[in-house]
Amino acid sequence: MMNFDKDLDARGLNCPLPILRAKKALSEMQSGQVLRILTTDVGSVKDFQAFCKQTGNELLSHSEADREFTFLMKRK
Amino acid sequence: MVNAIDVTLIEEIVRQRLDEILPQKIEEKLAQMKANKTPSMSIIATKGTLDWAYPPFILSSTAAAMGWNVSIFFTFYGLQLLKKDISGLKISPLGNPGMPMKMPFGPDWFKRIDWNIPNLVQAAIPGFESFATALMRQTIKRKGVVDIAELRSLCLEAGVNMIGCQMTVDLFGFTREDFIPEVKEYCGAATFLPMAREADVTLFI
Chain A
1 MMNFDKDLDA RGLNCPLPIL RAKKALSEMQ SGQVLRILTT DVGSVKDFQA
51 FCKQTGNELL SHSEADREFT FLMKRK
Chain B
1001 MVNAIDVTLI EEIVRQRLDE ILPQKIEEKL AQMKANKTPS MSIIATKGTL
1051 DWAYPPFILS STAAAMGWNV SIFFTFYGLQ LLKKDISGLK ISPLGNPGMP
1101 MKMPFGPDWF KRIDWNIPNL VQAAIPGFES FATALMRQTI KRKGVVDIAE
1151 LRSLCLEAGV NMIGCQMTVD LFGFTREDFI PEVKEYCGAA TFLPMAREAD
1201 VTLFI
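As they're listed, the protein sequences go chains A and B.
So the first sequence is numbered by this note's numbering: it starts at 1 and just counts up by one.
So the second sequence is numbered by this note's numbering: it starts at 1001 and just counts up by one.
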């Protein structure tokens, strides 16, 4: 499992909260740091891919286990 | 010595060369300008019920989170969404055949039933709308969907421009004191339309 600098638990939250919380968390981080995000929102997979594409943050990985999604995002 | 024929020849060569190079250069320049432009969205919000409050705020907060410039023009019943206290937004199933009527509590098989109560019955029962609103709020809460007042704060935090329609403020006898102080400006259609014209996405909600 890759290292990450900050953890965001967005489980139980639905669109658009995971994105909004992620944006807030990223704004408090330095460039190059990695944010780990946990969600249960099924739409969040596509949402985060689009978010990264639009904002230039890099989605390092995303995985699913037990209906929970884990994302690792590098702040640009 | 340059004579008239040479000049004409040079002009012709230049013209031909320009015809070859320019289209591509222009295309590259336009693509570059397009890539550098910050995407923008303008929304006209005309409804003031709980269900219609979500689309403008969700779209705006998400766009703002992606770095877009967003403006929302609130007019007619959309002004309800600018009121200081929006914890009391209501919803009405009356004449709203698209609204699923499901109970937010109980076992799964129970929650899946769409009660579909006919309009005539709805209109006859006093307090039906309040009941429906309460159930909708409960459904929203249970599903982890953000509450409207919080969503609006998130929009403002993300820099969404909220604009009030001066005409309908006057029409309904409202004053600026009724609305949140963060409203960027109050204006009319003639001021708003040029803003909408520049936007990449314009929505009427």
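Don't read these hints as lab results, they were simulated from the structure.
Errors might be hidden in some of the hints.
In the PhoX-like style, the derived pairs of lysine-lysine whose C-alpha atoms are separated by at most 20 Å in a straight line are [stated by the list, open to error]:
id: 1; chain 1: B; residue 1: Lys1084; chain 2: B; residue 2: Lys1184
id: 2; chain 1: B; residue 1: Lys1111; chain 2: B; residue 2: Lys1143
id: 3; chain 1: A; residue 1: Lys53; chain 2: B; residue 2: Lys1034
id: 4; chain 1: B; residue 1: Lys1111; chain 2: B; residue 2: Lys1141
id: 5; chain 1: A; residue 1: Lys6; chain 2: A; residue 2: Lys74
id: 6; chain 1: B; residue 1: Lys1037; chain 2: A; residue 2: Lys53
id: 7; chain 1: A; residue 1: Lys24; chain 2: A; residue 2: Lys53
id: 8; chain 1: B; residue 1: Lys1037; chain 2: A; residue 2: Lys76
Comparing the hints with the structure gives:
no.: 1; hint: Lys1084/B to Lys1184/B; result: holds, 14 Å
no.: 2; hint: Lys1111/B to Lys1143/B; result: holds, 13 Å
no.: 3; hint: Lys53/A to Lys1034/B; result: holds, 16 Å
no.: 4; hint: Lys1111/B to Lys1141/B; result: holds, 15 Å
no.: 5; hint: Lys6/A to Lys74/A; result: holds, 10 Å
no.: 6; hint: Lys1037/B to Lys53/A; result: holds, 15 Å
no.: 7; hint: Lys24/A to Lys53/A; result: holds, 17 Å
no.: 8; hint: Lys1037/B to Lys76/A; result: holds, 19 Å
Violated hints are absent here; each numbered hint is respected by the structure.
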